[in-house]
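Q: Listed below, chain by chain, are the residues.
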Amino acid sequence: MDWVESGKMAVKTLTANKMRSSLTMLGMIIGNASVIAMVGIGQGAQRLASEQFESLGPNVLFVAPGSGQARQRTTNLPRTLVWDDAKAIASQVPSVQEVAAQKQGQYPIVYGGLNSSSSVTGTTPSFLSVRSFDVAKGRFLTDLDLQRNQRVVALGADLANRFFSDQDPIGKRIRIRNVSFQVIGVMRPKGSFLGSNQDDVAYIPLTTMASTLTGRTSPYGLDVTFISVSAKNEASVPAAEFQITNLLRRRHKIVSQDDFTVQAQKDILQIVGTITGGLTAMLAAIAGVSLLVGGIGIMNIMLVSVTERTQEIGLRKAIGASGQDILVQFMIEAVLLSAAGGLIGTGVGVGGTLLVATFSPLKAAISPAAIALAVSVSGTIGLVFGVIPARQAAKLDPIVALRSA
Amino acid sequence: MPQSTIVRLEGITKVYGMGDTTVHALAGIDLTIEQGEYCAIMGASGSGKSTMMNVIGCLDRPTDGQYYLDGQDVAQVGDRDLAHIRNQKLGFVFQQFHLLPQLSALENVMLPMVYASVPTAERRERATEALMRVGLGNRLQNRPNQLSGGQQQRVAIARAIVNRPVLLLADEPTGALDSTTTREILTIFGELNKSGMTVVMVTHESEVARCTNRVIWFKDGQVMQPYLAPEDLGTVTAA
Ligand SMILES: Nc1ncnc2c1ncn2[C@@H]1O[C@H](COP(=O)(O)OP(=O)(O)O)[C@@H](O)[C@H]1O
Ligand SMILES: [Mg+2]
Chain A
1 MDWVESGKMA VKTLTANKMR SSLTMLGMII GNASVIAMVG IGQGAQRLAS
51 EQFESLGPNV LFVAPGSGQA RQRTTNLPRT LVWDDAKAIA SQVPSVQEVA
101 AQKQGQYPIV YGGLNSSSSV TGTTPSFLSV RSFDVAKGRF LTDLDLQRNQ
151 RVVALGADLA NRFFSDQDPI GKRIRIRNVS FQVIGVMRPK GSFLGSNQDD
201 VAYIPLTTMA STLTGRTSPY GLDVTFISVS AKNEASVPAA EFQITNLLRR
251 RHKIVSQDDF TVQAQKDILQ IVGTITGGLT AMLAAIAGVS LLVGGIGIMN
301 IMLVSVTERT QEIGLRKAIG ASGQDILVQF MIEAVLLSAA GGLIGTGVGV
351 GGTLLVATFS PLKAAISPAA IALAVSVSGT IGLVFGVIPA RQAAKLDPIV
401 ALRSA
Chain B
406 MPQSTIVRLE GITKVYGMGD TTVHALAGID LTIEQGEYCA IMGASGSGKS
456 TMMNVIGCLD RPTDGQYYLD GQDVAQVGDR DLAHIRNQKL GFVFQQFHLL
506 PQLSALENVM LPMVYASVPT AERRERATEA LMRVGLGNRL QNRPNQLSGG
556 QQQRVAIARA IVNRPVLLLA DEPTGALDST TTREILTIFG ELNKSGMTVV
606 MVTHESEVAR CTNRVIWFKD GQVMQPYLAP EDLGTVTAA
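Taken in sequence, the protein lines are chains A and B. For the first sequence, the residue numbers in our numbering are 1 to 405. For the second sequence, the residue numbers in our numbering are 406 to 644.
By construction, these hints were calculated from the structure, which means they are not laboratory data. Hints are supplied without guarantee of correctness; some may be wrong.
To be verified - Taking lysine to aspartate or glutamate and the EDC-like style, the derived pairs with C-alpha atoms no more than 16 Å apart in a straight line are:
{"no.": "1", "chain 1": "A", "residue 1": "K395", "chain 2": "B", "residue 2": "D484"}
{"no.": "2", "chain 1": "A", "residue 1": "K12", "chain 2": "B", "residue 2": "D484"}
{"no.": "3", "chain 1": "A", "residue 1": "K395", "chain 2": "B", "residue 2": "E442"}
{"no.": "4", "chain 1": "A", "residue 1": "K8", "chain 2": "B", "residue 2": "D484"}
{"no.": "5", "chain 1": "B", "residue 1": "K494", "chain 2": "B", "residue 2": "D475"}
{"no.": "6", "chain 1": "A", "residue 1": "K266", "chain 2": "A", "residue 2": "E51"}
{"no.": "7", "chain 1": "B", "residue 1": "K599", "chain 2": "B", "residue 2": "E415"}
{"no.": "8", "chain 1": "A", "residue 1": "K18", "chain 2": "A", "residue 2": "D2"}
{"no.": "9", "chain 1": "A", "residue 1": "K266", "chain 2": "A", "residue 2": "E54"}
{"no.": "10", "chain 1": "B", "residue 1": "K599", "chain 2": "B", "residue 2": "D484"}
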């Protein structure tokens, strides 16, 4: 008996019992749909995170307080990283272009009857070039503002829009934690970074931040949340990383463990890649389990089917079907069920992925590799889980089978 | 037409079970059936008729003994080849028809040719021909549940003869049918036999056996009367 014939027969048998066939396929449909959607979403998350870090520019390095391990153990970071460190990096490290120290906090901001709790960043004029921000209107902070502890603020685009909508904010006064600041500029929209809105931020001089909002809290000087550094070019990033580490070790008199961390964009990308890659693999594994469950469902139904169709099997053998013919017939049914389920599931998964891509910032992508994998895995699952029922059918003694009522 | 032996059984035994509970369903059968014969196998229930039909039909292997089908020693044949022999040389008709419910009459009759790898066009042609032969030329597309019992059995007969077997075997083919339908089925068997088909049929009805040319009388797994004329049935049934 040839394959075309066997295929036709299997289709006939499966369509004769549509309800059961579709319920059997359901497991494979769900399994495949979830594999494809999960991998798609996982890769979307991966891409989103990577793109955001790439948008920082390849020359950027960050210096944060706390060592790698200490940062994982505690939220109570040492206050040893100070503005003077940033100044030292700027003046003493040759491969560094510019340095911006940043001190961050969350404070109530009030203008007229409006108020909001927003992120306030105390920083230096070099912030603009180091982090590739732009001013849309007015001006950014200047060295003079810092020297004089000026109470001036440059507003993020969303923040400005919320408070002033169509008015001109320049020259207006807002209150940050009850301290009056004059608006000197509005930033160009920058979008969100890892879920935090960079346009909902107020930028004030680092010195003003320390003197009026946080207070000078570290015995080492004006402590900062982190220092952004831009290297002269991409090639000098490793050198900058090395030199900054050495300089800070000297300045902080480190003997054993560093109390700071220097990370280049590349390092962060790598970490992000590892985390999101692991996440994707985990999602895929969870989804893979449902594929397996689908396969077991197929085996289950095929076993029932063999029992129910004992007479049919006996009859087929009586009129000339060999054990192998019967084996092939049941295998084809199992593979058809799982492959069809796989195909439909793929369709559902692709649809789901596209929906997520359309309605969320996750750049969920359809991965041809995931589709190929899911479909071939489901076919294989049909083969593997079809074997046991098919062999049972093939083994049946025709007389016993025919006699069974 | 030169006479040839279709079935030759020599010392066939079939033992079921082991130890104390063994049943000698066939206790040493010697029997020949020639080309063109029309035989009825009769005997009490449990006397081994079905067991012997299964051995003759290559559905079951004897415990011991020799069996030559159409001159071929089938005791030595493997499972695969046995399936091929069933397909090519034998036709079966069962009491319960055993049609596949999801297939039309035509498709049911085409089934043996599927396993014989006959080309599709020829399959359709030969299946139609066989169904016309049993008087169902106008029921090709009906499913079994759209046919009466007699019609279903006629489809089963068409299926049994479509591969032009050398031997047609029927185990109580009229057991599930009323007397009118029984006569229709017997007419078909008679016609098939007249056209040269060797027919062997198990029955427990004397009227059915009387339509054949030879009665083989069974008792306790043995052939008591290998050549009983149907007219003389009264002698054994009375005994
Ligand atoms: N698979 C089996 N296992 C055990 N005993 C069986 C089996 N098949 C038939 N027999 C026994 O063999 C004997 C002959 O059975 P069977 O050929 O069906 O008789 P008949 O068809 O003449 O009524 C009976 O005693 C029956 O119980
Ligand atoms: Mg019987």
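Q: Work down the list of hints and note, for each, if the structure agrees.
A: Against the structure, the hints:
1. K395/A <-> D484/B: 11 Å, holds
2. K12/A <-> D484/B: The given pair, whose Cα atoms are some 27 Å apart, is violated under the 16 Å limit.
3. K395/A <-> E442/B: Not satisfied, since the Cα-Cα distance of roughly 35 Å exceeds 16 Å.
4. K8/A <-> D484/B: Status violated; Cα separation ~25 Å.
5. K494/B <-> D475/B: Holds: K494/B and D475/B sit about 8 Å apart, inside 16 Å.
6. K266/A <-> E51/A: 12 Å, holds
7. K599/B <-> E415/B: Roughly 28 Å separates the two Cα atoms, so the pair is violated.
8. K18/A <-> D2/A: 25 Å, violated
9. K266/A <-> E54/A: 9 Å, holds
10. K599/B <-> D484/B: Not satisfied, since the Cα-Cα distance of roughly 33 Å exceeds 16 Å.
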